[in-house]
Amino acid sequence: MLVYKIYESRNEESFRKICEMLERNGIRYRIRTEDIHGRNALDFKTAANLSAQPAVMYQIYTDKKGYQWYQDHLK
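For the sequence shown, position 43 matches number 43 in our numbering, and the numbering has no gaps at all.
Certain hints may be false.
[Unchecked claim] Each computed DSS-like pair below joins lysine-lysine, with the alpha-carbon atoms no more than 27 Å apart: (1) K17 / K5; (2) K64 / K17; (3) K5 / K64.
[Said to hold, decoys possible] Derived CB-CB ranges, DEER-like: (4) D72 / E20: 23 to 29 Å; (5) R10 / R30: 17 to 23 Å; (6) D72 / C19: 16 to 22 Å; (7) R24 / A55: 26 to 32 Å.
Just so you know, the hints here were simulated from the structure itself, not pulled from any lab data.
Don't be surprised by glycine CBs; every beta carbon is placed ideally from N, CA and C.
Turn these sequences into a full structure, and let the hints guide you.
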């Protein structure tokens, strides 16, 4: 089951790099994206901050084996 969240960020470039790393190493994963402006707009103090922030939160989930591999290679 792909239930362990190993990554959550608004940075699309680092999100893509992690997906590529997981693919190269044969680790199964699934992706979830969330429109944060629609659901969490009150987290931002001003409209200017809201428009400056990326609108998508990227999340990557793996199985336990993939999660352990990822954690070991971050050190």
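Proposed proximity, K17 with K64 (alpha carbon, max 27 Å):
Within the cut-off at roughly 20 Å; holds.
Checking one constraint from the list: CA of K5 to CA of K64, max 27 Å. Satisfied?
holds, 10 Å
Distance restraint evaluation - R24, A55, Cβ atoms, bounds 26 to 32 Å
holds, 29 Å
Given the hint of 23 to 29 Å, is the C-beta distance from D72 to E20 inside that range or not?
Because 18 Å falls outside the window, the suggested range is violated.
Should the hint that R10 and R30 are 17 to 23 Å apart at their CB atoms be regarded as holding?
holds, 19 Å
Verify the proposed pairing of K17 with K5, using a straight-line Cα cut of 27 Å.
holds, 16 Å
For D72 and C19, compare the CB-CB distance with the range 16 to 22 Å and indicate the outcome.
Given a distance of about 18 Å, which is inside 16 to 22 Å, the answer is holds.
The structure shown violates just one earlier hint, number 4.
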